[in-house]
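Number of protein chains: 2
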Amino acid sequence: MLVRHAVVLAGGSGTRLWPASRQTRPKQLLSIARAGEPLIAGAIAIGRAIAHDRVLVVTAKAQVEATQLSSPNVEIVAEPIGRNTAAAIGLAAAILAVRDPDAVLAVLPADQHVRDRAHMAEVLDVCLAAVERDDSIALVGIPPTRPETGFGYLEMGAGPSDGLRQVLRFVEKPDAQHAQAYLASGRYLWNAGIFCLSAKRALTELDAYLPHVGRAVRAIAADPSVAAYEYAALPSISFDHAVMEKTDRVVAAPAAVGWNDVGSWTAIPDVRGTDKTGNATIGEVVVIDGSGNVVVSDDATLITTIGVSDLVIVKSGDAILIVPRDQAQRVREVVEALAARGLTRHL
Amino acid sequence: MLVRHAVVLAGGSGTRLWPASRQTRPKQLLSIARAGEPLIAGAIAIGRAIAHDRVLVVTAKAQVEATQLSSPNVEIVAEPIGRNTAAAIGLAAAILAVRDPDAVLAVLPADQHVRDRAHMAEVLDVCLAAVERDDSIALVGIPPTRPETGFGYLEMGAGPSDGLRQVLRFVEKPDAQHAQAYLASGRYLWNAGIFCLSAKRALTELDAYLPHVGRAVRAIAADPSVAAYEYAALPSISFDHAVMEKTDRVVAAPAAVGWNDVGSWTAIPDVRGTDKTGNATIGEVVVIDGSGNVVVSDDATLITTIGVSDLVIVKSGDAILIVPRDQAQRVREVVEALAARGLTRHL
Chain A
41 MLVRHAVVLA
51 GGSGTRLWPA
61 SRQTRPKQLL
71 SIARAGEPLI
81 AGAIAIGRAI
91 AHDRVLVVTA
101 KAQVEATQLS
111 SPNVEIVAEP
121 IGRNTAAAIG
131 LAAAILAVRD
141 PDAVLAVLPA
151 DQHVRDRAHM
161 AEVLDVCLAA
171 VERDDSIALV
181 GIPPTRPETG
191 FGYLEMGAGP
201 SDGLRQVLRF
211 VEKPDAQHAQ
221 AYLASGRYLW
231 NAGIFCLSAK
241 RALTELDAYL
251 PHVGRAVRAI
261 AADPSVAAYE
271 YAALPSISFD
281 HAVMEKTDRV
291 VAAPAAVGWN
301 DVGSWTAIPD
311 VRGTDKTGNA
321 TIGEVVVIDG
331 SGNVVVSDDA
341 TLITTIGVSD
351 LVIVKSGDAI
361 LIVPRDQAQR
371 VREVVEALAA
381 RGLTRHL
Chain B
41 MLVRHAVVLA
51 GGSGTRLWPA
61 SRQTRPKQLL
71 SIARAGEPLI
81 AGAIAIGRAI
91 AHDRVLVVTA
101 KAQVEATQLS
111 SPNVEIVAEP
121 IGRNTAAAIG
131 LAAAILAVRD
141 PDAVLAVLPA
151 DQHVRDRAHM
161 AEVLDVCLAA
171 VERDDSIALV
181 GIPPTRPETG
191 FGYLEMGAGP
201 SDGLRQVLRF
211 VEKPDAQHAQ
221 AYLASGRYLW
231 NAGIFCLSAK
241 RALTELDAYL
251 PHVGRAVRAI
261 AADPSVAAYE
271 YAALPSISFD
281 HAVMEKTDRV
291 VAAPAAVGWN
301 DVGSWTAIPD
311 VRGTDKTGNA
321 TIGEVVVIDG
331 SGNVVVSDDA
341 TLITTIGVSD
351 LVIVKSGDAI
361 LIVPRDQAQR
371 VREVVEALAA
381 RGLTRHL
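Just so you know, the protein sequences line up as chains A and B, in that order.
The numbering of the first sequence is the working numbering, which starts it at 41 and goes up by one.
The numbering of the second sequence is the working numbering, which starts it at 41 and goes up by one.
One or more of the hints may lead you astray.
Label pairs and their calculated CB-CB ranges [to be verified]:
#  : chain 1 : residue 1 : chain 2 : residue 2 : range
1  : A       : Asp93     : B       : Arg372    : 52 to 60 Å
2  : A       : Gln63     : B       : Gln220    : 54 to 62 Å
3  : A       : Arg381    : B       : Arg139    : 52 to 60 Å
4  : B       : Asp310    : A       : Gln63     : 36 to 44 Å
5  : B       : Tyr269    : A       : Ser71     : 50 to 58 Å
6  : A       : Asp358    : B       : Asn113    : 51 to 59 Å
7  : A       : Gly318    : B       : Gln220    : 46 to 54 Å
8  : A       : Arg381    : B       : Glu376    : 34 to 42 Å
9  : B       : Arg173    : A       : Arg381    : 25 to 33 Å
10 : A       : Arg381    : B       : Arg372    : 31 to 39 Å
11 : A       : Arg381    : B       : Val138    : 42 to 50 Å
12 : B       : Gly298    : A       : Asp358    : 28 to 36 Å
13 : A       : Ser71     : B       : Asp156    : 47 to 55 Å
Just so you know, these hints were derived from the structure itself, not from any lab.
Predicted model only: the values in this text are computed from it and were never measured.
Note that CB positions come from ideal geometry on N, CA and C, so glycine has one too.
Kindly generate the complete structure, drawing on both the sequences and the hints.
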């Protein structure tokens, strides 16, 4: 009997949403896409829809407490140290395989936004069925809506079955010209890191391509007391790179679900909408004579602007960021500058 | 024996420096021109220089406590309600005349910045000497450095003595063309509201032009318990309008002392200087790739900017303001908008 489980990967820290995201408050714990709901709650909700209450969250040891607070009644596995997705997925697969040798996993990143969760659950059902039928590794791909150069792409081939097609190739972040061509061709999907596979398949593939990872995660699942030692020795490599790009079992299903990676502050208008003046605001904000602004305040502070447009303005805790919207990716320069100046309490 | 006193007028509230200035924290209590020193301390320091410890501060009843905290060891007279400078100067003159019939007063606004205090004290000495000699009303005028349309001007005539000249005319805030002509002529000074006169002369002039004010302030000086009733009934009118524009006893001395009225956030670069990147900052601020910004933070919060220029950014307490530098005077629109929306806790 195959039993479905959802594995929510909450290992990220992320500086692109500073000052809201901090070392102690990663992106998935921010309530930025829906009011009052952290991003991780969306992944958990989808997980519950496809796997009932069998949702396992893998997160950093330092973030277990905050994750518990944001997501009560969810099982949490702590990584002693961040080691990317090959190790995290291996650990989840090994733990679930001990408990349930026929476990089937739907892997969901914790730090994305999915507008249509019911639709995402339906597509995951298609993927899980393919796993149960063919022992496939079945990805959910996002039909691209713009020539994005910040994502990986999946080149799609013929379909083995309804809704699923072979993945011919994984493409790393392309240049603008290639991204435009991929968008125009209709044969590419964004790789959102959402996929399904059996626990056994995950471990078998790791044994083939990263045998020390396969061994280590099994050892940790058998005896958690060795985790600190074994896990720290693992390579920091993604499951995509280590396994999926090498195996020929990979299929994908497209999911036009209103997906957003919330990769920078400029995503806020997309996920939250704008008011009638064209500004996207969260918290207590008064915008006078301006449009195209993204203004985010934590509860305590009023932000007022007069006569400015197309700015990102964020107040969170003890820090404020102001940057033109078209330069929002430069927030990492702030993080680097603060680290260089020893202002680490703001990181 | 004529005895010199300094009267510091601290009645203003002022919205032009919101969010730092609030109803409960007027401009003169802000440490914006010199680090760690409220503006009023500068006026008191000049007062002490010319009148030893005989400094009297006139302020609003609601601000007595905050004024005491910022200016220990200074005598404070509380106005039951704000009634502009004719009433405030009358009250100070009446109180000092009871104590010392031959009191001579140097009147100093509390909310200005004077870079060269020693020079200002010297000019006030010249003015006080004229008061003691001729019973003049002797103003300190500021030689204009730009065609400012926001100030009143004094048109100067011939000089009765060294350093002093007759004031032919008070000019209200002029238009740009007139301001340019005044600047070019060399015959005009800015009226900074700094002047000297005897307590007797102040009361005599009030008796002549505002007899009910003269009567009321004498009554309050004789019996402070009637202040609440008597003072509230007084007209809200400036001493300039009520007296100085009408009498022919007015002389003025120019004082090129680095005077600044700190009338908006754009004054900060003038009074505090700019760093090598052309930004004027107060508090914990990191500016990356930008110039011409005025960035002010209270102690608690880091402000970071990337790629923005010529903005005023102020964080104070529970509010943040962002406005282009050339629109800084629009801060009053914020104050009005907040009042209209009932967000009075931020005012």
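Hint-by-hint comparison with the structure:
1. Between aspartate 93/A and arginine 372/B the beta carbon distance is about 57 Å. The supplied range of 52 to 60 Å therefore holds.
2. Distance hint check for glutamine 63/A and glutamine 220/B: the Cβ-Cβ separation is about 56 Å, which falls inside the suggested range of 54 to 62 Å.
3. Distance hint check for arginine 381/A and arginine 139/B: the Cβ-Cβ separation is about 55 Å, which falls inside the suggested range of 52 to 60 Å.
4. A beta carbon spacing of about 40 Å between aspartate 310/B and glutamine 63/A agrees with the range 36 to 44 Å that was offered as a hint.
5. For tyrosine 269/B and serine 71/A, the hinted distance range of 50 to 58 Å is satisfied, since their beta carbons lie about 55 Å from each other.
6. Between aspartate 358/A and asparagine 113/B, the C-beta spacing of about 35 Å breaks the proposed range 51 to 59 Å.
7. A C-beta distance of roughly 40 Å is found between glycine 318/A and glutamine 220/B, which places it outside the suggested range of 46 to 54 Å.
8. Between arginine 381/A and glutamate 376/B the Cβ separation comes to about 39 Å, which falls inside the hinted range of 34 to 42 Å.
9. The hinted range of 25 to 33 Å is not satisfied by arginine 173/B and arginine 381/A, whose Cβ atoms lie roughly 59 Å apart.
10. The hinted range of 31 to 39 Å is satisfied by arginine 381/A and arginine 372/B, whose Cβ atoms lie roughly 36 Å apart.
11. A beta carbon spacing of about 58 Å between arginine 381/A and valine 138/B contradicts the range 42 to 50 Å that was offered as a hint.
12. In this structure, glycine 298/B and aspartate 358/A meet the distance hint of 28 to 36 Å, their C-beta atoms being roughly 35 Å apart.
13. The hinted window of 47 to 55 Å between serine 71/A and aspartate 156/B holds, with their beta carbons roughly 54 Å apart.
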